[in-house]
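Chains as they are written, first to last, in our numbering: chain Y, 11 to 314; chain G, -4 to 252; chain X, -13 to 284.
Derived by calculation from the structure, the hints in this document are not laboratory data. A hint or two may mislead.
Mimicking EDC-like on lysine to aspartate or glutamate, the simulated pairs with C-alpha atoms at most 16 Å apart in a straight line are [unchecked claim]:
| # | chain 1 | residue 1 | chain 2 | residue 2 |
| --- | --- | --- | --- | --- |
| 1 | Y | Lys233 | X | Glu186 |
| 2 | Y | Lys282 | Y | Asp266 |
| 3 | G | Lys236 | X | Glu186 |
| 4 | G | Lys198 | G | Glu227 |
Everything numeric in this text was worked out from a predicted model, so none of it was measured.
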Amino acid sequence: MSMKRLLIAMLVWGTYACAQVQTQDAVHVFPVQGNVSMIVGPGGNTTVQVGKEGIVVVDTQTAAAASQVMAAIRTLSDRPIIWMINTSMDADHMGGNEALIRLGGSTDASERARVITHENVLNRLVAPGIAQARVADAASINDTYFRSPKDFLFNGEAVMVYHMPAAHTDGDSIVLFRRSDVISSGDIFTPDRYPVIDVQNGGSVQGLLDGLNKILEMAVAGKYQEGGTFVIPGRGRLCDEADVVEFRDMVTIIRDRVQDMLKKGMTLEQVKAAKPSRDYDTQYKGSPDVFVESIYKSLAARKP
Amino acid sequence: MTKYLLAWVAVATAYAQLGPAPGKAKPPRSAKEAAPVDFTGYWVSVVTEDWRWRMVTPAKGDFASIPLTAEGRKVGNAWDPAKDEAAGEQCRSYGAPALMRIPGRVHITWADDNTLQIDADQGTQTRLLHFGGKPTPGAAPTWQGYSVAQWEPPVRGVQSPQQGLGATREGARGRSLEVVTTQIRPGYLRKNGPPYSGNTVLKEFFDLSVERNGDPWFVVTTIVEDPQNLTEPFVTSTNFKKQKDASGFSPTACSSR
Amino acid sequence: MSKLTVLVLSAALWGVPAFAQVDFSGEWAPLYHENGPERLPGPELGDYTELPINDAARLRADSWDADRISVVEQYQCRPHGSDYALRGLGNMRVTRDIDPATQRLMAFHTHMLAWDSDRTIYMDGRAHPPEYANHTWQGFSTAVWEGNMLTVTTTHLKENYIRRNGVPRSDQATSTEHWMRHGDYLTVVTVIDDPVFLTEPLVRSDNWYLDPGQHIGIFGCEHAPELPKPEGVVPNHLPGTNPFLREVSEWYGLPYEATRGGAETLYPEYRQKLSGYKAPPKCDRYCTCTTLFDCQLR
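Bound conformation, chain Y alone (with noise of 0.2 Å):
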């Protein structure tokens, strides 16, 4: 191939690449329902409540992707970020807290954005042997809760934030805008792929699944079980309750069968070789092998 030729066909391949790369990282504005809004980015899912008085952001991706989810909050509105909610602590999560606040927070002092965790995230945030990188994250929050709901009016409807303890991690978040009947989830609900239980940071598959079962009591579906109360999760498709009552089914059975395999005093090898997943493995992204564990682990730490 001549030197033309190969810078020709590099000049073509690299323009392809980027295009990819664009797609893979474009952030993408989905209205909801109501005030709310979905902001599908690289770092998952952001929602957002704008009005008159403000802009509510649950979940801020990464902080590499903060000046393109600013820019998508700006085709919904111009006023200043007021409240922002972290579901978790995860840096996917929060990690955009600092850059979303300074490009879109308010320029007035006093109305800095209130960042709202629950308690148990800023506790673990400021633990000992932290990474350096999530110093600025713990450092962006300043209004934590500990008893559930925590709850405010704006934009003319309530807003209420509940601890789902012990799910995805023990810090965990879901939030719901009451009059435009959204539920943001976070991680605790990811349609398209196996939940990951930080069993580590405080995660249980019970906890997750009373978390999704008090998605199941606060969403109600429209006829004929769709429609109705939307849910946004951590990452993944928009979705409804029926949605939910299919993430929270496999986890339910997959739950059960290792359970079972748990009771017939089967070791976590074994238990992941019998593949107790495997009828959903085609279906959810993510480690099969890594879902089942924290299963097990979680299971076997339950105390008789």
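Position chains G and X against the provided structure of chain Y, taking the given hints into account.
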């Protein structure tokens, strides 16, 4: 410029409304030339419906889904495969009303420019679909009967098509093969004996599609009209997938069992 | 633009041919001359015949407990997906939208009796929603004409089933339909591509007849707790414990392996593996079955 454009449009419109110019008529195209789609080739029946009535011989008296009259049920319940064998009637369940439903392969070719031929490996049966043909009155009935075929004309109402004022009939270009078969020997709609009589009229529509993965398929909608044995027309639709070659085409003699 | 211009252009447009199209509007009644027992009273537990399913689908179906429909309240009013609805119970009404300005066909609408399901089939060339949009029972459908055949593509379907005895159809599936009208008969071929549960496309076809006198009533459904149950229970059979899986094999004399489905079992050569099959001496289960009213167990 506008004047020239208007003049061109007016002339073109008038010409389009006039239709073909008078003069020497072109000879009609053969059915093969006029074919809007191509059914030729080897096709395999993919059994995604009525599996336990087609892949195996169902139990005596199992006539689920067939709208049989009391007479039809009585005849069906008297089914005796040994008797059919003794009488040399092993092919009773391979007649035209049932043939396409048997799990097997068919090879479709043009026997001539106006006759489409379907060779079925099951029962080693051959069907001839005659475009422009007419059954001979009084001819002896056969398992496959006499089939008259046409490329289905455009959709129309019950009267002769009228252009009307402002409506056109350019659309609905047919791509279906329509076949009407009569002079069929009495036989069975399924292997276990639900009958059809010698007065049966069989209507079929063959439709072709190409799926997302590039596989051509055809579906044949089969309408069996036999008031003696059926309370209403018996309608089924059977799906065939195209094969690259004759692999699996396995001529097999008729069997009563 | 002068009046003369408008007149001449109007005359030209008057002569422009309509698009290739057939009218599917009308009241359609389903014909159950194929798979009557499966579609009417419902499929037998453990009957996976005629389905090109993989092991994941098999285990899902083996684990499915019919109690789930009543115990899990959110299942009680769950409709069939638009792909399964064309096979299941219920009559159908088809209407169409004609744009008053252009007289072009913009959409077909289907209304199914079961769960009052309404679907729009867009004919205006619009794109399907992005992958992060919500899914619905009916999905999102667009269609194009292929001569006199309407080819419909549906995406964004919620998870549902390809047979209502637990054999699943995932939310990643695409459904393609081919609608063909021949006089007063309608044939719809449904092709389901499901990378999660099928090893090859599932191609089925169903027939309808035009019934102008039919009136589709309201289906109606209200969900309510029917059984006291502990919180969060989801009825399911642990792997290897479902006691019903051999019934269909025993009732119909079929080899158990054949009832497990799979692509191999759909092709004619599979009959060689059925050479040991012996039918029961006579039919004693769903021997008639062409309508809801004549489909008796015995």
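Against the 16 Å threshold, does the CA-CA distance of lysine 198(G) and glutamate 227(G) hold or violate the hint?
holds (14 Å)
Hinted pair lysine 233(Y) and glutamate 186(X), Cα distance within 16 Å
violated (34 Å)
Does the structure keep lysine 282(Y) and aspartate 266(Y) at a Cα separation of 16 Å or less?
holds (14 Å)
Between the alpha carbons of lysine 236(G) and glutamate 186(X), is the straight-line distance 16 Å or under?
holds (12 Å)
The structure shown violates just one earlier hint, number 1.
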